[in-house]
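Chain by chain, the residues run as shown.
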Amino acid sequence: MENLLSFWRKGSVRSLTYQWGLVVVIICGMFWVYDIATTNMARLGLKTGFDFLTDEAGFPISPALIDYSPRSTYIEAMIVTLLNTIFLSLIAIILATILGFFIAMFKLSSNLLLRKFGNGYVEVFRNVPLLLQLFFWYFAALKMLPMKRSSISFFDVAFLNIEGFFIPLPILEGGAEFVAWAVLIATLISAIIWAWAKHRQKNTGQPFPSLILGAGLIILLPLLVAWVLDFPVTWEVPKFGRFNFEGGTALEPEFTAMVFGLTLYNAAFVGEIIRAGIQSVDKGQKEAAGSIGFTNMQTYSQVIVPQAMRFIIPPITNQYLSLAKSTALAGAIGYADFFWAMDGAIAPQTGQVMELQAITLAGYLGISLFIAMLMAIYNHMTRIPER
Amino acid sequence: MRFLNSKIGRLTVMSAAIASLGIMATAAKADRLADVKKAGILHCGVVPGVPGYAFPNKAGKMVGFDVDLCRAIAAAVLGDADKIKTTKMKLPVAFNAMKAGTVDVVTHRFTWTFARDVGQGLDFTRVMVFDGQGFMVRKSLGVKSAKELDGATFCMSAGATTQGNVSDYFRKNGMKFKQVTFGSMGEAQKAYDAKRCDAFCTDKFGLGARRLAMTNPDEHMILPETISNEPISPMVGHGDQVWKDIVVWTFNALIAAEEFGITSKNVDKMRSSAKNPFVQRILGTTGKFGAKIGLGKDWAYNAIKAVGNYGEMWEKHLGKDSRLNMPRGKNVLHTKGGLLISPPFR
Amino acid sequence: MEPILAPFKMPQPAPYQSKGLLGWLRINFFSSWFNSLITLVLIYIIFNLANFLIHWAFINAVWFGDSAKSCPDINAACWAFVTDRWRLFVYGLYPSELYWRVNIVYALAALTIISFLYSYGRWTKYFRITMIIIFPITAYIFLVGDAFDLKYVAPEEFGGLLLTLVIASIAILGSIPLGLILALGRTSDLKVISKVCTYFIEFWRGVPHIVIIVMFVALLPIFIPDGAGIDVVVRAFIAFAAFNSAYMAEVFRGGLQSIPIGQFEASRAIGMSYWKMMGYIILPQAIRNSIPALMNTCIMIFKETTIVMLIGFSDLLGIIQISLESSDWIGPPHIFSSAYTFAALIYFIFTFGMSKYSRRLENRSNIEQQ
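Protein chains in written order, with the working numbering: chain A, 1 to 387; chain B, 1 to 346; chain C, 1 to 370.
Only chain A is shown next, with the shape it has when bound in the complex (with noise of 0.2 angstroms):
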């Protein structure tokens, strides 16, 4: 007994019995509730299964980055409607930073009435829910939107009315392969050229254009060589047809007011999050790099916003996860999401409820996963190296 007893007071023999207590558990758990769910569905007389994916799925979706009709099956939907969210996601990220930035700095700027503005925008914008202010974006344009018969037009080529903006769609020729090896070409060598450039900065304190140069590469090589090819490329422009624009590719307003909505919105909390960022940066380096002859913008390039990073990057990493959450109530302004399409669309006709949100999780799940991931990356290129 005794010996027992000191047995048990070992820790590492104890944690393992909890560890294991715990793994045991659960897989009970799991048995026990896959029983429950086998036995509720038999008495309801629900049939599972994925057979469904590859029936057709009968509704159109618009937007559609990719190929898509009526006729397609509901995995292609899935896919469509997926590539929908992500895109949706990714443009609202980068808007929103640009606009939280500007929103940190009018914070910190002197102007009295603009930082009140920038307190006054924050406020309003975080304090009322996200379904409210897209609910309010979506009849705002829609109210302000031009007419069909009024459309707005830009040179002939690009219209912008109530159903949307409607641009011209390039069409490939033979040929255009060429060009897009071209970007990816010069992509590279201006990759090769940063890194050489840091390297040589590094060592010897020389700054090099390589900016301005790579920008300048990756423009200009593709437009030699689609200039050689005589430009491979004819475009489709819209025209009016019985009821409205055809042809071309078009922004429609859904899209538009959920980029809208979720920017503003999220705005604020990046625009917080970098102000206060910026803000935890001691303010002796400031005053330090003034010392040695820093301009302003060199300041705030090379000395602040390095170190600020460190403080932003988390709590930005966990904005954007959630703004691309948040991209689920899209379906509500009938823009065409991954969720509208799983809940509102394919989960009615099917009735494979079980089945369809299974696969809604792994699809989220998949997306915050690459956020995360690609946050992650970021932060180990950007981490100052300690010393």
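For the record, the hints were derived by calculation from the structure and aren't laboratory data.
Just to be clear, a hint being listed does not mean it is correct.
As the list claims (entries may be wrong) - Quick list of the computed label-pair ranges, beta carbon to beta carbon:
#, chain 1, residue 1, chain 2, residue 2, range
1, A, GLY120, C, ILE133, 36 to 46 angstroms
2, B, ASN216, C, ILE133, 55 to 65 angstroms
3, C, GLY271, A, VAL33, 41 to 51 angstroms
4, A, PHE52, C, LYS125, 55 to 65 angstroms
As the list claims (entries may be wrong) - If we take Cβ atoms under 7 angstroms as the criterion, some of the chain A residues that face chain B in the derived model are:
#, residue
5, VAL23
6, SER62
7, PRO70
8, PRO314
9, ALA332
10, GLY334
Heads up, the beta-carbon is just placed ideally off N, CA and C, and yes, glycines get one too.
Following the hints, put chains B and C in place on chain A, whose structure we already have.
What follows is chains B and C alone, placed relative to chain A:
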């Protein structure tokens, strides 16, 4: 940091948390009638958002056509029309939740379709509203028929049969269309009103009511075509035949009541003095119809007394006595050329 | 030789630019041409916005009426809808003869809030603890009933602001203890427990809330015995508590990580057990450090309650939406824009109040630390 001491508490708490997610009383549900009688309350599923069918009034009570169907069953089963509990959910969610047996009866407007009836654990009872899908357009569009809508954009709501119907109709006629689909009918209608779409699409009775919500109702017209057949029927869970009979025959009684001129006002008089054997059987003065479905002999009397006959319900919530003022369309008695018919009480 | 005396000068007055009202204006609004431009543009925008709002919301607005016909002017607010249906917004579908029960709960909630707003000397602590214990119990008894001769009211009949507040309170009160347990688990040295907690937390954090709520409301009955008997609104409560516990866990983890490692080592060195160390040394500090983040999470939870409207529940936003579709009030779009503005205002008042309170807490703890 090595916390290798007394972890028993941590483990207990954690496993308790995991286990408590599932520990609930186990009981199998088989006899819905006994359950409802025992609970003393009838649990109905309704979906707010279609004017006239289910919405809260000023005093915070759910009222409407769908709610009255529920009240009729409660009156028949429990003798008191107010003993109801309504679960309010949006269409797609509602359908899924109902499947899992959450409510006793779904009185919301679900279209009776093959896919919904078969293999989903649900049974449709009887058609209470014959509807069909139609289009609303602006008069200024100059369109006289749905056939002229090739290339148009439609606003509609998700989760109903709407999407599939439009898709089928346009494919059949070799036309193209675009759609904007919203989570709820309200948003779809507001977007159409803001001129986002050329046409607004839902069941025709819905269209009639929704026209009131337009900025200028007179600018809009409903196209003559009815592109689908929407028999709308309440649902019960699959497999409980007794319960299904109760629901079906309560509804039949409401329709038969209109046929024999029984109203909520004259039902007492009819019970004491009616000579028609059908009326006597419905109201329980002769025969044992109530007992055969496990209810009291007053079951149909209670239901009619509480909500009136079908015609009364219609006029009160959808027809002349409401702001909606919808004509009954095909929902008149077969004797007047409509589709409403109750199997005989014999 | 005459000594050359430096001419005596009076000290110069402060530059005219930085004195008085004009100086204040110059420094704060017109310090450069760019700043002046911004100021002018902002003044223009604010003036126009205010002008529009005053006309829309006050001068031309309709305040009373009983149906959509009372608001013919589509370019002005229709508050008549709000004044006609305010009972629905406050009490939802709660039986009207039992409003007094809700009123008692509202009064108790107000008292609880007051107990946290001010300091009452040495009674403060007892007052707060009593309120925090009494409030949930009394609120449950009065709202749901079925005890002490109180009639049973199903949670599904809750609605409007009541439902919003109930969801938010349950989510907050339920997720704090769960979150604390998860945070302890995640920071634990026991690899398996820490992994399990981490996966659990990251799962909830990686999925949109509306997906989780739909999952609970629609599918919970299939995964637990007799789940169909659980009120659908209660299913949503469970969902809210579940996913918010993951956010709370991250809040507390932040607090735990802010504690210097020396605190752990010192407590172990004097022979404290894990629970004593956590209970007496670490958690009090960690929880205090997490308060700002905790308040932010509370604000987020409060705003997030609106999404239950998407599945047809009648929270404040949801009941407004379904009331707009009653046959009395179905009407032109200015009615819904007024109603939504009203809703936005209510949400703003609550969340803004919470954020002000949180800032006050932060300032107070900053002062205490100095």
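Consistency of the hints with the structure:
{"no.": "1", "hint": "GLY120(A) to ILE133(C): 36 to 46 angstroms", "in the structure": "holds (39 angstroms)"}
{"no.": "2", "hint": "ASN216(B) to ILE133(C): 55 to 65 angstroms", "in the structure": "holds (57 angstroms)"}
{"no.": "3", "hint": "GLY271(C) to VAL33(A): 41 to 51 angstroms", "in the structure": "holds (42 angstroms)"}
{"no.": "4", "hint": "PHE52(A) to LYS125(C): 55 to 65 angstroms", "in the structure": "holds (60 angstroms)"}
{"no.": "5", "hint": "VAL23", "in the structure": "violated (11 angstroms)"}
{"no.": "6", "hint": "SER62", "in the structure": "holds (6 angstroms)"}
{"no.": "7", "hint": "PRO70", "in the structure": "holds (5 angstroms)"}
{"no.": "8", "hint": "PRO314", "in the structure": "violated (22 angstroms)"}
{"no.": "9", "hint": "ALA332", "in the structure": "holds (5 angstroms)"}
{"no.": "10", "hint": "GLY334", "in the structure": "holds (4 angstroms)"}
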